Amino acid sequence: MFTRDPLARPEPLIRRVYAYAACRLGDGPDAEDATSETFERALRYQKSYDPRKGEPLDWLIGIARRCVDEAFARPAPVPASPETAAPGDLEEEAVRRAELRTAVLRLEKRDRELIALRFGADLTARQIAELLGVRTNTIEVRLHRTLTRLRTVLERQAEPDVRVRTPARVLSSEAAERRPGRAA
Amino acid sequence: MRKLWTRRHKTELDLEAELRAHKPQPRPDFVRSLAARIHAVREHGRPRLRVALVAALVALVALAAVGGISYAGSGSKSAERAKATSTAVDTAAPVQTERKAATARKQAKAKPKASSTAASEEDGSDKAAEKACREEVKALMAAEREFHKSNAAAERERHKAAKETERADYQAAKEAERARHEAVMAEATTKDERKAEKELHKANMRALKDEHKAAKEAERELYKANKQAEKERHMAVMEELRAKKKACKTENGNGDDDGE
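Top to bottom, those sequences are chains V and Y.
Mapping the first sequence onto the working numbering, position 65 (from 1) lands on 65, and the numbers just tick up by one.
Mapping the second sequence onto the working numbering, position 135 (from 1) lands on 135, and the numbers just tick up by one.
These aren't lab readings, by the way, just hints derived from the structure by calculation.
One thing to keep in mind: the hints can contain errors.
Subject to a maximum C-alpha distance of 20 angstroms in a straight line, what follows is the list of computed SDA-like cross-link-like pairs (lysine to any residue) [said to hold, decoys possible]:
#, chain 1, residue 1, chain 2, residue 2
1, Y, Lys163, Y, Lys209
2, Y, Lys209, V, Arg135
3, V, Lys109, Y, Leu19
4, V, Lys53, Y, Leu19
Computed footprint of chain V on chain Y, listed as stretches where at least three residues anywhere in the stretch have a Cβ under 8 angstroms from a Cβ of chain V [claimed, not checked]:
#, region
5, 16 to 26
6, 134 to 148
7, 172 to 182
8, 231 to 243
Treat the numbers as computed from the prediction; the structure is a model and nothing was measured.
From the three backbone atoms N, C-alpha and C, an ideal C-beta is built for every residue, glycine too.
Modelling step: build the complete structure from the supplied sequences, incorporating the hints.
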């Protein structure tokens, strides 16, 4: 009747759940809210954790997926001002990071989720396959395709006439797309 | 061709490395505050376990005491010890005293009038010890019954929650698979691709169903096993307590023989 405590060392789990949420929602308060909500639910339903079904991270990411989906369903915050990244003002690495995040957020929901699971939560293809209920091979193929698409988005972004949108802008337009009857 | 593939593979690896290197990191104070909150909630939940452990210890000590009393009942100081224990444990002392007096009266009537005053006093104290011992065992039995009830209720709750979680997980997995299928079907251009995807979707749904069925079965088995284990534990404890109750009588009876 006794189960291993999945939240005995929460710090590394918080980092990985946050990285997953941020890959899907964008860095910032939304990702923090989703992470907090994930752990709130995890504490509430701690008894439901079954170590035979997987590691605590798999269980938490399963909860986080629902929390992020719910965050998408909520009305999106309207950004205070239209922001664009200004590459000339930032260090090279920071620019690259912003470009990558923007490119990830411009991907389709399914691709973004895959990137979030693989490179945010650091799950293996097998773990992702178990989580999504598909074969490992399918996930590997899908990851390959997603990376190709991401590279294309990055290349397009690199073209001088394409303005780089920030995660907040992308997020708000996506959230609006999900809600019928509201303009982006 | 190989060169091209190597270059392509290399760029893919570069992109993967870059994605890992630029992984979003939470603010340190956010991690600290959330971790502190989690620790606080977990600490808050622990006293229940502590209370359960203390209750178990108390029950063990009480059981040990019953055994000790039974043995002590055969000695000359048994009455004093039993009296002290009964005062500490029993809450129905006045009723017990009345019953004790009634039993003593009955015994006095049954016994031959020629017996000495000292012998009757010793006999009375042994009977009192026996009575106290039996009452104590009775109290322990009642406590054990309550404990068993609460354990069974907790297990039922756990089982219910596990079933609900499994059902939610299954629904979520099915939804995800449906979404994946729809997306792939929308992308598919040829008839063959659609056919292959349909088959894959069918197989995936079947696998999910099988997995759900297996998980349900495993949970049912676990529930059964836990229930059985709890039942066996309860029966063993009750059996032990019944033996102790019997021993109260036997040992006090032996005490009479020794006394004579």
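Quick one: which hint numbers does this structure break? Sort them smallest to largest.
4, 6 and 8
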